[in-house]
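Chain by chain, the residues:
Protein chains: 2
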Amino acid sequence: MERDSVVNPYEVKGNIDYEEIAKRFGVNLIDEALKERIKRLAGGELHFMIRRGIYYAQRDMNWLLDEYEKGNKFYLYTGIGPSGTMTLGHLIPFALTQWFQEKFDAEVYIQIPDEEKFLVKKKSDLTLEKTHELAYDDVANIIAMGFKKGKTKIFLDTEYAKTLYKNAVRVSRGITFSMIKDAFGFTVEDNIGKIFYTSMQAVPAFLMSVEKGKNIPCLIPLAIDQDVHFRIARDSIAKLGYYKPASIQSKFLPGLSGKPKMSASDPSDTLYLNDDDETVRKKVFKAFTGQQPTAELQKKHGGNPEICTVCQYYRFFFEDDDTRLKKIFDAERSGSILAGEHKQDLYERITKYLAGQRQKKEKALERMDDFIVRD
Amino acid sequence: MERDSVVNPYEVKGNIDYEEIAKRFGVNLIDEALKERIKRLAGGELHFMIRRGIYYAQRDMNWLLDEYEKGNKFYLYTGIGPSGTMTLGHLIPFALTQWFQEKFDAEVYIQIPDEEKFLVKKKSDLTLEKTHELAYDDVANIIAMGFKKGKTKIFLDTEYAKTLYKNAVRVSRGITFSMIKDAFGFTVEDNIGKIFYTSMQAVPAFLMSVEKGKNIPCLIPLAIDQDVHFRIARDSIAKLGYYKPASIQSKFLPGLSGKPKMSASDPSDTLYLNDDDETVRKKVFKAFTGQQPTAELQKKHGGNPEICTVCQYYRFFFEDDDTRLKKIFDAERSGSILAGEHKQDLYERITKYLAGQRQKKEKALERMDDFIVRD
Numbered sequence: 001m002e003r004d005s006v007v008n009p010y011e012v013k014g015n016i017d018y019e020e021i022a023k024r025f026g027v028n029l030i031d032e033a034l035k036e037r038i039k040r041l042a043g044g045e046l047h048f049m050i051r052r053g054i055y056y057a058q059r060d061m062n063w064l065l066d067e068y069e070k071g072n073k074f075y076l077y078t079g080i081g082p083s084g085t086m087t088l089g090h091l092i093p094f095a096l097t098q099w100f101q102e103k104f105d106a107e108v109y110i111q112i113p114d115e116e117k118f119l120v121k122k123k124s125d126l127t128l129e130k131t132h133e134l135a136y137d138d139v140a141n142i143i144a145m146g147f148k149k150g151k152t153k154i155f156l157d158t159e160y161a162k163t164l165y166k167n168a169v170r171v172s173r174g175i176t177f178s179m180i181k182d183a184f185g186f187t188v189e190d191n192i193g194k195i196f197y198t199s200m201q202a203v204p205a206f207l208m209s210v211e212k213g214k215n216i217p218c219l220i221p222l223a224i225d226q227d228v229h230f231r232i233a234r235d236s237i238a239k240l241g242y243y244k245p246a247s248i249q250s251k252f253l254p255g256l257s258g259k260p261k262m263s264a265s266d267p268s269d270t271l272y273l274n275d276d277d278e279t280v281r282k283k284v285f286k287a288f289t290g291q292q293p294t295a296e297l298q299k300k301h302g303g304n305p306e307i308c309t310v311c312q313y314y315r316f317f318f319e320d321d322d323t324r325l326k327k328i329f330d331a332e333r334s335g336s337i338l339a340g341e342h343k344q345d346l347y348e349r350i351t352k353y354l355a356g357q358r359q360k361k362e363k364a365l366e367r368m369d370d371f372i373v374r375d
Numbered sequence: 001m002e003r004d005s006v007v008n009p010y011e012v013k014g015n016i017d018y019e020e021i022a023k024r025f026g027v028n029l030i031d032e033a034l035k036e037r038i039k040r041l042a043g044g045e046l047h048f049m050i051r052r053g054i055y056y057a058q059r060d061m062n063w064l065l066d067e068y069e070k071g072n073k074f075y076l077y078t079g080i081g082p083s084g085t086m087t088l089g090h091l092i093p094f095a096l097t098q099w100f101q102e103k104f105d106a107e108v109y110i111q112i113p114d115e116e117k118f119l120v121k122k123k124s125d126l127t128l129e130k131t132h133e134l135a136y137d138d139v140a141n142i143i144a145m146g147f148k149k150g151k152t153k154i155f156l157d158t159e160y161a162k163t164l165y166k167n168a169v170r171v172s173r174g175i176t177f178s179m180i181k182d183a184f185g186f187t188v189e190d191n192i193g194k195i196f197y198t199s200m201q202a203v204p205a206f207l208m209s210v211e212k213g214k215n216i217p218c219l220i221p222l223a224i225d226q227d228v229h230f231r232i233a234r235d236s237i238a239k240l241g242y243y244k245p246a247s248i249q250s251k252f253l254p255g256l257s258g259k260p261k262m263s264a265s266d267p268s269d270t271l272y273l274n275d276d277d278e279t280v281r282k283k284v285f286k287a288f289t290g291q292q293p294t295a296e297l298q299k300k301h302g303g304n305p306e307i308c309t310v311c312q313y314y315r316f317f318f319e320d321d322d323t324r325l326k327k328i329f330d331a332e333r334s335g336s337i338l339a340g341e342h343k344q345d346l347y348e349r350i351t352k353y354l355a356g357q358r359q360k361k362e363k364a365l366e367r368m369d370d371f372i373v374r375d
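Chains as they are written, first to last, in our numbering: chain A, 1 to 375; chain B, 1 to 375.
There may be inaccurate statements among the hints.
Intra- or inter-copy, both count: the list cannot distinguish identical chains.
Stated by the list, open to error - Below 20 Å or equal to it, Euclidean Cα-Cα: the simulated PhoX-like pairs (lysine-lysine) are:
id, residue 1, residue 2
1, LYS148, LYS23
2, LYS214, LYS244
3, LYS239, LYS122
4, LYS130, LYS239
5, LYS123, LYS239
To be clear, the hints were calculated from the coordinates, so they are not data collected in a lab.
Isolated chain A, as found in the complex:
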């Protein structure tokens, strides 16, 4: 079968057809009934990222909620592999995880695999010391998202390997190189640390069950490109006697250039959490909108909010009110708003958001040990 896109944790390219990817990966689209069910169980509210289909696919969510309704509470697991300053896109899984924690009073495991990018990236300046340092910066940003102390464990792989490695070994026994090589785009020339790594990422999906000595359902919010780790590990986890994890998959935050996925390694395409106001201004004003070449033509023909980065950033992050979002989209479509004004407004929202995040991060730096667990 010919495919025009590659979507795995180490490469995303081509035209992204999210429905086709869901089919390819064997995940289910989130339907209205499931949205209603989550909303009801969350106490009447639904996170805008689910409402708007930014989270668009899932595995075993209905089973997870069945268990929840039987009184069998779930825990959440998500994470980030440090490779540089966190971007806006990186916050998507943490935003939803934090929401689930709040609404379902759930415990959260957050893995910071500080070896992953060291193993995966070709460039040798990303040392293990560097990823370790970046990991701590990520942790501060994550705590700043509002996770609950006492209900949230954050761990770096290099600091928690005594716990993780022996369970990774157990799950690795059911995963062959043949099972992973196409799924991850690996060849025999890839290093054996990178080949093994998926076992480490699988562990937190059943770790709480190991620790409690009984099966606890697990829900993993993640971007769709990360799905392969758990798709591969599911059967091996089940063979060990644990529940297969449930998961909920998001689309990608588009890059500022209009690319379907913001690339953390391309500064011009990306908003970093530590970008200062001037940098944000420059980036936002250069962002792709797909508007007509002149103001006159834009007023006459309007633009397309579906491909307009500015509109999409409101949708993903900066406007959680659907009515107001509709107004923004309508204005773009009708041509009643021009790029300059549109961008000025977004720029203000972003800088305000980032300033708030940075302030919370400063406070988080003093609370790191309330969250980090080490062997």
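Put chain B on the given structure of chain A with help from the hints.
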């Protein structure tokens, strides 16, 4: 090139031509000059296993001794992957390591990779809990060999993974699947834990240098089938800026059936350290000697001590005096000793040795924490 033997940590089969294997693996035969040098630096004595060519090959031993003479002391590293009760053959690396420790006042690292056989063996009854339990039994047997408290660190992989994993990750970055698959006899259908494992085994070969923050030479006594781990890791270790380890390779203790390598998984071929006297008697009296079919013929034609298990067990373990060993070999060759008498004598030596080992092991059980390090 057609080879009639397979020699790697996970399979030994075919006719073993030790010189050919040394050539194939790129290790050097131990010559008389090196024997003399080791003897001189050891204070005038040479361990009988080196003297007799049981340890027959080496890598970088002259470099190691150059460093030693410059005042740059080496440490030793050896280990065992628990899979069942230890056998006599398993003691060979520990015997030489202990000797080097004593003669060169060297520190010793002993790795007990309790995940290895769990990953490698197809049979699922060898759980990680079981290998962990076996590991402790191995540790007691190892301490009983006479290692020095305060100069010997013993660690299980599952208990020391915080230290080991992050260094395994570093060394794994320079090892591709393509580099290991033929060397270990792996295919794409092998599990990814097994594929990664060699990185864990490589770590203690440079761990002391990591810990001390400066390069310390390392000497690894090991059976020739284990060589591949270090052959593969050498370049990656060097790329990290550490010395490549020196090593000294032994031949295999033959099986009781006359097979070139005692098989730990075939009880009838193997002497276990916990075999009781009656079991030893039965096994020894069934052992292959290659003697003539009748006493009369044996007296007339004599036997061949090179293929006689009884003679070989004296050579490997139970007669460290060369003059007395020569008498045993001569008697076998001339036919002046018959199998029964020969075996009765060996049986007595073995049971005495095993009783001593068990007694020392009992004492070792009380001293485990003097040796075991954990994260």
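Here is what the structure says about each hint:
Taking the closest pair of Cα atoms, LYS148 and LYS23 never come within 20 Å of each other, the shortest separation being 35 Å inside a single copy and 62 Å across copies. Taking identical chains as interchangeable, the C-alpha atoms of LYS214 and LYS244 lie at most 20 Å apart only when both belong to the same chain, with a minimum of 13 Å there against 46 Å between chains. Taking CA atoms no more than 20 Å apart as the test, LYS239 paired with LYS122 passes between copies only; the shortest distance there is 15 Å, against 34 Å inside one copy. Taking the closest pair of Cα atoms, LYS130 and LYS239 come within 20 Å of each other only across two copies (18 Å); inside a single copy the shortest separation is 36 Å, beyond that limit.
Taking the shortest Cα distances, LYS123 and LYS239 sit within 20 Å of each other only across copies (15 Å), while inside one copy they are farther apart (37 Å).
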